[in-house]
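What follows is each chain in one-letter form.
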Amino acid sequence: AQSVAQPEDQVNVAEGNPLTVKCTYSVSGNPYLFWYVQYPNRGLQFLLKYITGDNLVKGSYGFEAEFNKSQTSFHLKKPSALVSDSALYFCAVRDYGGYQKVTFGTGTKLQVIP
Amino acid sequence: DTEVTQTPKHLVMGMTNKKSLKCEQHMGHRAMYWYKQKAKKPPELMFVYSYEKLSINESVPSRFSPECPNSSLLNLHLHALQPEDSALYLCASSEIAGGGNEQFFGPGTRLTVL
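From first to last, the protein sequence lines stand for chains A and B.
Remember, our numbering sits 61 above the position in the first sequence when you count from 1.
Remember, our numbering sits 801 above the position in the second sequence when you count from 1.
In isolation and in its complexed conformation, chain A is listed as follows (with noise of 0.2 Å):
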């Protein structure tokens, strides 16, 4: 069974400081691991992801992601806030083993602050 844990529901961050959103997860293979963001009334829109080489992935709008296999964690992170990156994040998984659907966190709101 794959699962996927985002432990906060909200994180409140000052513009121009940086910002980490944690997702831990569990599979019984390997990960196949995403990020997705989402705008107020719109769709789901793929930042990065995960599937193997390299622990630092670099995703869209700045944004990266850090492997970490021994800790089961894809946290994402960015150097610097915009008011922009206001949104709702998923952390998303699929394991190895070849199972078609992708398990999705329950997501946590990034308010950042002017």
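In case anyone wonders, no lab produced these hints; they're calculated from the structure.
All C-beta atoms in this analysis are idealised placements derived from N, C-alpha and C, irrespective of residue type, glycine included.
Watch out, some of these pointers could steer you wrong.
Stated by the list, open to error - Partner residues aside, some chain B positions facing chain A, computed with beta carbon under 8 Å: (1) V813; (2) G815; (3) M816; (4) E853.
Stated by the list, open to error - Sample of chain B residues lacking proximity to chain A, with all beta carbon distances greater than 10 Å (derived): (5) K820; (6) H827; (7) I857; (8) E885; (9) G901.
Given the structure of chain A, go ahead and fit chain B onto it with the hints provided.
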């Protein structure tokens, strides 16, 4: 074209109505998905089509009936819905189902059942 389009954007229907949601992509993707999303919750998978064949049905009630007429189109036929079916319905596509393939989401159809 890297866009998934959905029509209509908004739909209000009574419990005895029959309506359809439409989704289209021209990225050559061979996997298409329907999700249901309640406010501030993660998307819940409903159906997966792979190479125009239904490959996953997440025990969705029969009042929801999916159809994939060709590789670019996905429909969701609605009949005798309940008020609790009111939600944002998201369509998504990916190159193929499974693996490390990210999904591209449409903007969704906001459905209200009276």
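Outcome of the hint check:
| no. | hint | in the structure |
| --- | --- | --- |
| 1 | V813 | violated (16 Å) |
| 2 | G815 | violated (23 Å) |
| 3 | M816 | violated (24 Å) |
| 4 | E853 | violated (15 Å) |
| 5 | K820 | holds (20 Å) |
| 6 | H827 | holds (16 Å) |
| 7 | I857 | violated (6 Å) |
| 8 | E885 | holds (20 Å) |
| 9 | G901 | violated (4 Å) |
Comparing the model with each earlier hint shows violations of hints 1, 2, 3, 4, 7, 9; every other hint is respected.
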